[in-house]
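Each protein sequence line maps, in turn, to chains A and B.
Going letter by letter, the first sequence gives residues 312 to 643 in the numbering used here.
Going letter by letter, the second sequence gives residues 312 to 643 in the numbering used here.
Keep in mind that the hints were calculated from the coordinates and are not lab data.
Fair warning: there could be bad hints in the mix.
If several chains are the same, the list does not tell them apart, and a pair holds so long as it fits within one copy or across any two.
Stated by the list, open to error - Below are the DMTMM-like pairs computed for lysine to aspartate or glutamate, each with C-alpha atoms no more than 20 angstroms apart in a straight line:
no. : residue 1 : residue 2
1   : Lys390    : Glu467
2   : Lys390    : Glu375
3   : Lys491    : Glu438
4   : Lys578    : Asp642
5   : Lys476    : Asp441
What follows is the residue order along each chain.
Number of protein chains: 2
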Amino acid sequence: MRKFDEQKELNSMNGALKLRPLINNFIDQISERGYSNVCWLGIGGTYASSMQAVVHMKEKSAIETFVQNAAEYLVTGNKRITKDTLIIISSVTGSTQELVDSLKKIKNEVGATILAFLDIANTPLEEIVDHVIVYPMNEQLKFFMVADRLMYLANEFPDYDDFYKEMDQHFAKNIVAVAKKADQFGQEVAEKHHNDAMHYFVGAGNQWGATYSHAMCYWEEQHWLRSKSIEAAEFFHGTLEVIDRDTAVTVYVGEDTQRPLSERVAKFLPQICGNYTIIDTKDYELPGISEKYRGNVSPFVFRAINNRIDAYVEHLNRHPMTIRRYYRRLDY
Amino acid sequence: MRKFDEQKELNSMNGALKLRPLINNFIDQISERGYSNVCWLGIGGTYASSMQAVVHMKEKSAIETFVQNAAEYLVTGNKRITKDTLIIISSVTGSTQELVDSLKKIKNEVGATILAFLDIANTPLEEIVDHVIVYPMNEQLKFFMVADRLMYLANEFPDYDDFYKEMDQHFAKNIVAVAKKADQFGQEVAEKHHNDAMHYFVGAGNQWGATYSHAMCYWEEQHWLRSKSIEAAEFFHGTLEVIDRDTAVTVYVGEDTQRPLSERVAKFLPQICGNYTIIDTKDYELPGISEKYRGNVSPFVFRAINNRIDAYVEHLNRHPMTIRRYYRRLDY
Chain A
312 MRKFDEQKEL
322 NSMNGALKLR
332 PLINNFIDQI
342 SERGYSNVCW
352 LGIGGTYASS
362 MQAVVHMKEK
372 SAIETFVQNA
382 AEYLVTGNKR
392 ITKDTLIIIS
402 SVTGSTQELV
412 DSLKKIKNEV
422 GATILAFLDI
432 ANTPLEEIVD
442 HVIVYPMNEQ
452 LKFFMVADRL
462 MYLANEFPDY
472 DDFYKEMDQH
482 FAKNIVAVAK
492 KADQFGQEVA
502 EKHHNDAMHY
512 FVGAGNQWGA
522 TYSHAMCYWE
532 EQHWLRSKSI
542 EAAEFFHGTL
552 EVIDRDTAVT
562 VYVGEDTQRP
572 LSERVAKFLP
582 QICGNYTIID
592 TKDYELPGIS
602 EKYRGNVSPF
612 VFRAINNRID
622 AYVEHLNRHP
632 MTIRRYYRRL
642 DY
Chain B
312 MRKFDEQKEL
322 NSMNGALKLR
332 PLINNFIDQI
342 SERGYSNVCW
352 LGIGGTYASS
362 MQAVVHMKEK
372 SAIETFVQNA
382 AEYLVTGNKR
392 ITKDTLIIIS
402 SVTGSTQELV
412 DSLKKIKNEV
422 GATILAFLDI
432 ANTPLEEIVD
442 HVIVYPMNEQ
452 LKFFMVADRL
462 MYLANEFPDY
472 DDFYKEMDQH
482 FAKNIVAVAK
492 KADQFGQEVA
502 EKHHNDAMHY
512 FVGAGNQWGA
522 TYSHAMCYWE
532 EQHWLRSKSI
542 EAAEFFHGTL
552 EVIDRDTAVT
562 VYVGEDTQRP
572 LSERVAKFLP
582 QICGNYTIID
592 TKDYELPGIS
602 EKYRGNVSPF
612 VFRAINNRID
622 AYVEHLNRHP
632 MTIRRYYRRL
642 DY
């Protein structure tokens with residue numbers, strides 16, 4: 312398998328799950344003190360992960376929670392963000408300009424409480440925020456652990472302990488198994504689509520953010536391939552009209568509450584398109600994970616599959632995913 | 312001028328502005344009775360207009376307000392929508408399935424208050440909602456009038472009367488003047504881009520929803536032309552990498568608080584792209600509209616310009632904008 316170190320993957324995910332006591336220690340304090348609402352602040356990939364956290368919470372929570380784009384905060388502000396707001400962010404580099412600037416502004420002018428997940432220590436962001444948890448990768452898992460604890464404390468997730476018992480025991484090895492099972496499929500998809508002039512990605516629910524991010528942060532930014540993401544619910548209100556026999560379309564069909572929206576696209580597409588790919592999490596076994604929790608795990612299943620596709624696209628195109636044409640190379 | 316009836320345009324906009332007493336009569340009652348939050352519910356084009364209403368309010372309001380996609384509500388729900396929520400919707404046909412179904416669900420299961428703008432009378436939606444205002448077109452103006460009244464009543468828009476005095480006197484004729492001034496430009500843009508394999512539209516702030524809608528509901532749905540919309544703030548976090556010399560990109564630079572985000576793209580683009588179009592509302596005079604209100608009017612300026620472009624694209628492509636390939640023609 313190209314670009315795949317099983318033990319490293321297992322360690323990475325299991326290590327992330329072990330952050331839970333650190334997360335809970337902080338969240339429990341904040342919850343006891345009280346907060347008015349929860350804001351997930353990001354830009355680019357972290358904006359996308361934030362969208363997923365919000366949809367994840369909406370499934371069962373009455374807590375006011377929303378996404379705030381960091382750059383937009385700098386110019387428009389957001390009066391719902393007050394000193395009583397809990398803000399959650401994640402950053403790989405800890406130096407993304409819009410994040411640094413917006414958090415400084417929030418800290419100085421508003422005084423909200425900020426929890427930051429940072430991939431590395433000693434970055435500019437670390438000095439601004441209230442609480443830092445340093446651990447690489449696994450952004451979505453970190454966000455979901457925060458969301459789940461908040462909902463547990465609000466009596467909206469009574470079986471929280473059962474769920475995390477299953478996660479701690481079975482999550483990492485299941486996701487690794489998905490990657491292995493999807494490897495050949497990933498290679499086939501890559502061979503068929505690595506040279507697409509345009510590729511449409513359709514997703515819904517807790518996979519929408521990842522769909523947006525896969526099109527923009529992976530295919531556009533890392534592969535320099537043109538792509539567009541569309542919410543499954545919105546697909547029928549415009550985009551469907553430009554889909555024809557040869558249009559490349561991938562549909563992510565997950566198992567959260569919005570599954571019917573993606574299923575609707577997946578069922579319709581074969582009538583008008585001969586170049587589609589359906590990725591359905593139901594095709595992947597997750598032993599030890601109860602049926603009712605599979606929806607929570609769907610984004611991680613998709614991630615493992617997408618990573619397989621990307622590894623082969625990278626090789627076929629002889630285009631290292633780490634290089635950028637313009638990003639952080641030109642001034643803007 | 313193709314597809315342009317000056318008197319009809321003037322009458323349409325001035326008639327919409329005259330809805331204000333009807334809107335205020337209802338909103339004042341709701342405000343006096345009290346409400347917990349404001350939800351703009353839509354799908355496709357009305358989802359886009361809802362995004363604009365939310366950004367418009369965020370400029371100055373602390374009222375909790377959010378967009379809810381109608382189809383997503385049907386499967387995921389939204390616990391922030393309660394009996395104390397004010398819901399605002401708009402519909403041209405009054406029969407869009409996802410809207411009808413979601414509003415029925417809200418009415419029966421939650422009991423929120425629903426204000427509906429409908430283009431025509433006697434449609435299925437009329438029987439579900441609490442209050443109906445029937446008047447064709449001008450969706451964004453209707454939404455902004457609701458938003459502005461809510462903010463006025465919350466003491467967040469003290470110069471509301473000054474603003475609407477200017478709007479009543481000068482808005483319609485200014486927008487018509489913009490259309491006339493932009494006609495030749497519209498024709499030139501259409502001649503250059505009516506056959507684009509792909510066109511990128513970049514927008515921000517209270518123009519973001521319209522940018523999304525212009526790409527999806529106009530270029531994809533009505534012209535069957537491929538296009539993608541990107542938020543200006545997000546442009547630098549992925550999409551920029553697929554822009555090259557010949558990529559067609561349009562940037563909308565408006566005058567609301569998010570102007571700097573679009574300006575940043577407009578300033579950067581010429582370094583890497585030779586096929587861009589910048590549309591800046593500052594190039595259009597709006598006599599009688601104070602400088603401080605021009606940001607509120609920007610989406611309408613863009614709309615008038617886009618309509619000119621679309622009229623010529625339609626003609627050049629000999630593709631009537633009213634026909635649909637699949638929408639409401641196939642089952643899904």
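To see whether the hints hold, each was checked on the structure:
1. In this assembly of identical chains, Lys390 and Glu467 lie within 20 angstroms of each other by CA distance solely across copies; the values are 11 angstroms between and 26 angstroms within a copy.
2. In this homomeric assembly, Lys390 and Glu375 come within 20 angstroms of each other (Cα to Cα) both inside a single copy, at 14 angstroms, and across copies, at 9 angstroms.
3. In this homomeric assembly, Lys491 and Glu438 never come within 20 angstroms of each other (Cα to Cα): the closest approach is 40 angstroms inside a single copy and 54 angstroms across copies.
4. Taking the shortest Cα distances, Lys578 and Asp642 sit within 20 angstroms of each other only across copies (10 angstroms), while inside one copy they are farther apart (45 angstroms).
5. Taking the shortest alpha-carbon separations for Lys476 and Asp441, neither the intra-copy value of 29 angstroms nor the inter-copy value of 47 angstroms comes in at or below 20 angstroms.
Of the numbered hints stated above, those contradicted by the structure are hints 3, 5, listed in ascending order.
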